[in-house]
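Listed below are the residues making up each chain.
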Amino acid sequence: MRFFRSLACVAAAFVCAASMAACSSSGSGSANVIKLGVDLPLSGADASVGRSTLNGVLLAADEANKKGLPGGFTLQVTQLDDAVQGIHSPQQGVANVKTFVADPSVLAVIGPYNSNVAAAEIPVTNAAGLAQISPSAVSDGLTLGDDASALRRANPSQNAFFRVCTTDSRQGAAAATFALQRGFKKAYIIDDNETYGLDLANVFETNFQRAGGTVLGHDHIAKNTQDFKSLLTKVAGTNPDVIFYGGTTSTGAGLIRQQMFDVGMGHVAFMGGDGIPDIATVAGPRADGTFYTVAAPNAEKLPSAQAFVKAYAAKYNEPIGPYSANAYAAAQVAVAAIAHAIVLNGNKIPSRAQVLAQVAKTSNVQTPIGAISFDANGDVKEPVLSLYTVQNGKPSFIDQLNLKE
Amino acid sequence: MHEFLAQLINGVSLGGIYALVAIGYTMVYGIVELINFAHGDVYTLGSFIALAIFGALGVSGELHGVPLVVDVTLTLVGAAVCCGLIGMMIERLAYRRLRNAPRLAPLITAIGVSFILENVMQAWKGAAPLPFPAAVPNPQLTLGPLQITTQQLVVVGLAIVSMIALHLFVNRTRTGRAMRAVAQDRQAASLMGVNVDATIAITFLVAGMLAGTAGFVSGVYYQSTWFLNGFGAGLKAFTAAVLGGIGNLPGAMLGGFLIGIIESFATWKLGGQWSNVTVFAILILVLVFRPSGLLGEQVPEKV
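Going down the list, the protein sequences come from chains R and L.
Heads up, the first sequence is in this note's numbering, so the first residue is 1 and it goes up one at a time.
Heads up, the second sequence is in this note's numbering, so the first residue is 1 and it goes up one at a time.
Misleading hints may appear alongside valid ones.
[Unchecked claim] Covered stretches of chain L, going by a simulated chain R footprint (3 or more residues, C-beta under 8 Å): (1) 39–46; (2) 258–267.
[What the hints assert, rightly or not] Derived list of chain R stretches under chain L, where covered just means 3 residues or more per stretch with a C-beta under 8 Å from a C-beta of chain L: (3) 52–63; (4) 149–163; (5) 226–233.
[To be verified] BS3-like cross-link-like pairs, simulated, lysine-lysine; straight-line CA separation at most 25 Å: (6) R:Lys223 <-> L:Lys269; (7) R:Lys223 <-> L:Lys125; (8) R:Lys67 <-> R:Lys310.
By construction, these hints were calculated from the structure, which means they are not laboratory data.
Ideal Cβ positions, reconstructed from N, Cα and C, are used throughout, including at glycine.
Okay, chain R solo, but in the shape it has when bound (with noise of 0.2 Å):
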């Protein structure tokens, strides 16, 4: 998601990136000290939502140092910034997760961010048999059928990738849900025919006609395209209900909302994924209106968060950011399969395999963000979804929808 944003940023952001990895890296080499790798983007375009995620880890990781670890272990965050040049690259979360597995503390691996990194990630991890959890790695191909096979083709029969997201298949159902119980019936799908966008739209059309919704027209858009007057000029002519549209707001959905009220489609509703949260960033005013889902609870709703909510605040003097309760989760799966293992090994430090066999394991394990379970994929057993909508120019929560298997 989120592909790009203000390079303004970036040098603070590099700035305070190089300062933690600084602190982090002092005072290591300790025969008792364990370490989770944390790699995320965080500097340019997912910086804010990148050191957000970082913090929900840091904040796990130094609970898990008030309460204690057995054998008398410290546990040390240890990150990685997997952005070059302001966005973040595959390339570097290989050769960041391939540190990691060259430090024989690093016993378990949080991250990354994007989906198209943990692609590039999880043959390494797997390999190495390092646990590997990822806040927020949403594409279906991470973890189910041939892709996520031909990805742990190092290593067959051992899985090492795990999120506390859930994927991109299950949050078009839960769209066409929501879309229904809006009382849209008449959709029309607009997709920006890449990966994460048409899987979005296919899975959303899917799920919504078999809910009872029709599907008026399906239409992809080339890249780069400007000019959608054409293309809303005919889905006017559909008169539908909802536009659902599978993509980011940078490869169109923003342009495509501002131009919806040139061709007199203002007062329809306009919908999307976990890829167009900041629609309003290019469609200002004209973004009020759009409806989209997150991949994950609103952990400030959440009843088990309200601790973490305020610890968070306490801590950074700062609203959690979207995934910062998930990297939290991710970070207390983690804490909780080392200290399973660390008492299995005798009170020793255990092996990677150990802390692995533990993370799959992981069975009610109680975060902010409800229990967390993973089958035998790597995916959580009970995935909550949530509906936001945009009001001036904010987002505003509206529902959240609870998919057990």
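Please build the complex by placing chain L on the supplied structure of chain R, with the hints as guidance.
Below, chain L alone, put in the same frame as chain R:
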């Protein structure tokens, strides 16, 4: 029929912007036989400069009355002049020394300049699409079942006016005559006392000013801009220039409008993902069957 006309209007107004950019391609090609691939990025730079001037003037919402006229004029002129000067500078720094080099050298340089401009814009305003203030009111005119926005009329009008003004400039002024002379035979023109360097610089100035104008217009029309817009728009405008007959001013405008209409109809009838395919398929067909373009052979003027 109603939808046909609505799509025709969409296509013609899209084509107006292509035409403004295509005229720049065709002028430069006419005089130095260089396909200036950086031209599309100068067009995007125009919208960035317009955005910066709007920001400096404190424009954020819709303007009316005197501020509308003053701010829009300042921004339009500012964007056009800056882009004209940047066009001249590019010619001076990147192309002039290569004027007698093999044809491939300046072409590759042009692609390099294009990348430089894109990265400068990314460093300047960031990699995300940028919103443009809705400064210019856009009342809708209703003609029977059809809706036309005033901005659509302005875009088309501006393209036609620019073309006519350029036509007169090239055919009726001394500078225009010098441009035609340099286009026909650079050495002979130089022997006749025409200042070749200055004439070529003026051509780049005018082309850059048109690109700046188009950049401003596209920013207002789409209310957004993005540092990579010039790549796609530049390719389309180049296609328009080839379709009309590269080097031919009325041809560039005709080509621009045709490309806009074709793209619009392809989106309507074949679906959005086929619009680019259709446009470039037509480019290939034109290059195969009529390499000189639609208006290329009678060549009423070559600049």
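- Indices of hints not satisfied (ascending): Numbers 1, 3 and 4, in rising order.
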